[in-house]
Amino acid sequence: MQTLEEFRQSTRAWLEENCPASMRTAMEEDEVVWGGRQAKFKNPDSKLWLERMAAKGWTTPTWPKEYGGAGLSKEENIVLLQELQRINARQALNSFGISMLGPVLLEYGTLEQKAEHLPKIVRGEIRWCQGYSEPGAGSDLASLSTKAILDGDDYVLNGAKVWTSYADKADWIFCLVRTDFEAAKHSGISFILFDMQSPGVTTRPIRLISGASPFCETFFEDVRVPAKQLVGKLNDGWTIAKRLLQHERTMISGFGLATSNAGRKPDSASIEGVAMRVRGDTALLSDAVLRNEIAKHKIDSEAFAFTSQRSLEEAKQSKGPNATSSMLKNYGCELNKRRYELLLKALGTQGLGWSSQDYSDFSAQELNTTREWLRSKGNSIEGGTAEIQLNVIAKRVLGLPDMPTLTKKGA
Amino acid sequence: MSMVLNEDQRMLQESVRAFCQENAPVSELRRVRDEQDEDGFSRALWQQMVALGWAGMTIPEQYGGFGFGYTGLEIVLEETGRTLVPTPLLATVLLCGTLLNLGGSETQKSTLLAKIAAGEVLMALAHEEGPLHNPVRVATKAQANADGFIINGSKCFVLDGHVADQLIVVARTSGEQDSTNGISLFLVDRTAPGVAVQRLCVVDSRNAANIRLSNVQVAKDALIGELDRGYSVLEKVLDVGRIGLAAEMLGNAQEVFDRVIEYLKQREQFGVLIGAFQGLQHRAAHMYSELELCRSAVRRAFSELDGAQEEIPVLASIAKAKLSEVLEDVSNEGVQMHGGIGMTDEFDIGFFLKRARVAQALLGDANFHRDRYARLNGF
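The listed protein sequences correspond, in order, to chains A and B. To convert, count from 1 in the first sequence and add 2; that's our numbering. To convert, count from 1 in the second sequence and add 689; that's our numbering.
Treat the hints with caution; some may be incorrect.
As the list claims (entries may be wrong) - With a straight-line Cα cutoff of 25 angstroms, these simulated SDA-like cross-link-like pairs (lysine to any residue) come out:
no.	chain 1	residue 1	chain 2	residue 2
1	A	Lys339	B	Phe757
2	A	Lys267	B	Arg1061
3	A	Lys267	B	Glu999
4	A	Lys318	B	Arg699
5	A	Lys397	B	Arg1061
6	A	Lys339	B	Gln967
7	A	Lys267	B	Arg948
8	A	Lys397	B	Lys954
9	A	Lys379	B	His971
10	A	Lys298	B	Gln1049
11	A	Lys267	B	Thr869
12	A	Lys339	B	Leu980
13	A	Lys318	B	Asn1056
14	A	Lys76	B	Gln1049
15	A	Lys318	B	Leu980
16	A	Lys76	B	Gly996
17	B	Lys954	A	Val399
18	A	Lys397	B	Arg948
19	A	Lys267	B	Glu1000
20	A	Lys267	B	Gly1067
Worth flagging that the hints you see were computed from the coordinates, not collected in a lab.
Let the sequences and hints guide you as you build the complete structure.
In structure tokens form, the structure reads like this:
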């Protein structure tokens, strides 16, 4: 049995050998590796890095070896993350399969489903999207109405989803559908997987206020899905849906994590670094009010990072993400939104450009800040709005009572 | 470094909590206030705490302590913060004990630290000279003479100043006002000629005093640490004090929050429990989230005190800034969410609000520590 220290040494040595130099730099938005049938690698090193990491099982370090993971313990995983961070290594593969679907398949999937889907997630061969929200079912997700009716060995799906992240680029979808039309709304939902190339599936990108289109509307017209692709029990999809949302919230909460601040000197991309550069300050930031706000934000970010760390250590004693994932999700999102508001204040009108011919007026970084500021507004809407997270905390963590008039309908 | 308590520490927490609830509940502070207790705390109760080892936790074994580390004190401070019991922990143990341990000579340590651990001496740190925390603003002067030093000046809001047997006085032995150079630390007997102590009656019913030093003669060996170089020791001590205060404030805020949640589950209006109102639920959820961050900030700071130590200044400012901000909010909500009963003296919640503001101001408020945090981070 390898000790943790031996594991650290061997991990460090492997990373030194196998992580290409260009994979040890900050990553632009269009360099993120999502994998899938239409995988794009702007930099060929990204492909190499993914292949090497996937072969080690390190795209999914804690998953069992039989499904392509590395079977690491939580402690070993922390060491691996620390070593990756130490060399500033890029994430080899970003995927909803890893962060959302995989954990619930491991918990609820059949052997056949696990063997079929997990290894492809590990290697980044199949890119997944999430079919949850509908035009009439946002915060009140359980009122969803996409129908799945059994016909022989298949379910036949009809309906529409919205806010499906990257549906136009995804290969498969995990989807919530209504399979019982008589039962109370939470009790008639099932969780099903299918190929986005199935006949009857169409997608239409949604243009956001930031100008980007990371989400789609997705339509299903008589889409036939083999019944064996239903995960868990029929009509028990809400249990899986909630579990998956906890994993999603845990992932989104990571958005608020402070970047490492080794040496405690303002770097050029930090809010204070930007603010001082724009104002020509050298020793202290001259705008005392902004300085106070930035300090408060950074203090909150550090305390939030400590809380994530504590939550990780506490999770060792329990099974997985719990209701506190709502707290982390909500706080992380608010921190990220505040961060962009502060960056905008730091930049003044330089933070308000929309586009540029040659970057002589607005730099690429400034333009990116503007777009990311707009994008960040969605953080407290997606994955359950801030208000829903606060409801979850109030009821599930603090045990506060339901409003009697609202519970009559079985909300 | 660990962000969670281990088995031993959890057991300590349980026993400290049980002790405080049984022997030192909020009614003890009420008694001290209503009886206008001369000492401002119960000496008998303090001796019980000493017997439990609380006074010697951070003192090394060679000087009569238990060397349990600061984490033990974190637990004690949080639990005593929950019941607001007045004790000499902050002034004698946390501030003066740490100062002697860091800066004291072998003789000073072997005589005084053992007495602190045994509950045989009370001490106070006389450092502030104005209403706003400012550790470099030292106008009190100590002038060398044939017998040692003559000290002149005024100190304010000295915690436990009127009951302390020994004072540690921060004085200027050289240098300009507001300079970190030229600051020295002296042991002064509280009953020495020229020491005039005026006990203050403070909103939180805890001990503080203004102290005038007029031609107070101390011997050469009253100097703690090096002449003119006391500031580096003082700053470390203040950071330990800030982290300790943050633990006390966490206990205060957590207790207020727990009482609020209980009340929301009991009080009915409009035919429903008021905890069902979303307007209150969301505020409770916000407080819960902030308290989680507070707990992490305190835990992280204490793990540094018992560990690497390099990041103590930054972590002390994070903890004190965060707790000062959140406790202000939670203590206000404590009154508001209890409604009219929260405004009555008969109900305990007001004691938490009063202590909150004093604890916020002591050793630097949120603005002080945000400014310091920014400086430490190069902006």
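Tested hints:
1. Lys339/A to Phe757/B: violated (42 angstroms)
2. Lys267/A to Arg1061/B: Measuring from Cα to Cα gives roughly 14 angstroms; hence the hint holds.
3. Lys267/A to Glu999/B: Holds - the C-alpha atoms of Glu999/B and Lys267/A are around 15 angstroms apart, at most 25 angstroms.
4. Lys318/A to Arg699/B: holds (17 angstroms)
5. Lys397/A to Arg1061/B: violated (38 angstroms)
6. Lys339/A to Gln967/B: holds (23 angstroms)
7. Lys267/A to Arg948/B: Status violated; Cα separation ~42 angstroms.
8. Lys397/A to Lys954/B: Roughly 11 angstroms separates the two Cα atoms, so the pair holds.
9. Lys379/A to His971/B: holds (20 angstroms)
10. Lys298/A to Gln1049/B: holds (16 angstroms)
11. Lys267/A to Thr869/B: Roughly 23 angstroms separates the two Cα atoms, so the pair holds.
12. Lys339/A to Leu980/B: holds (20 angstroms)
13. Lys318/A to Asn1056/B: Measuring from Cα to Cα gives roughly 36 angstroms; hence the hint is violated.
14. Lys76/A to Gln1049/B: Status violated; Cα separation ~38 angstroms.
15. Lys318/A to Leu980/B: At roughly 21 angstroms apart (the allowed maximum being 25 angstroms), Leu980/B and Lys318/A satisfy the hint.
16. Lys76/A to Gly996/B: holds (23 angstroms)
17. Lys954/B to Val399/A: With a Cα-Cα distance of about 14 angstroms, the restraint between Lys954/B and Val399/A holds, given a limit of 25 angstroms.
18. Lys397/A to Arg948/B: Status holds; Cα separation ~17 angstroms.
19. Lys267/A to Glu1000/B: Answer holds: Lys267/A to Glu1000/B is near 14 angstroms, not above 25 angstroms.
20. Lys267/A to Gly1067/B: holds (5 angstroms)
Of the numbered hints stated above, those contradicted by the structure are hints 1, 5, 7, 13 and 14, listed in ascending order.
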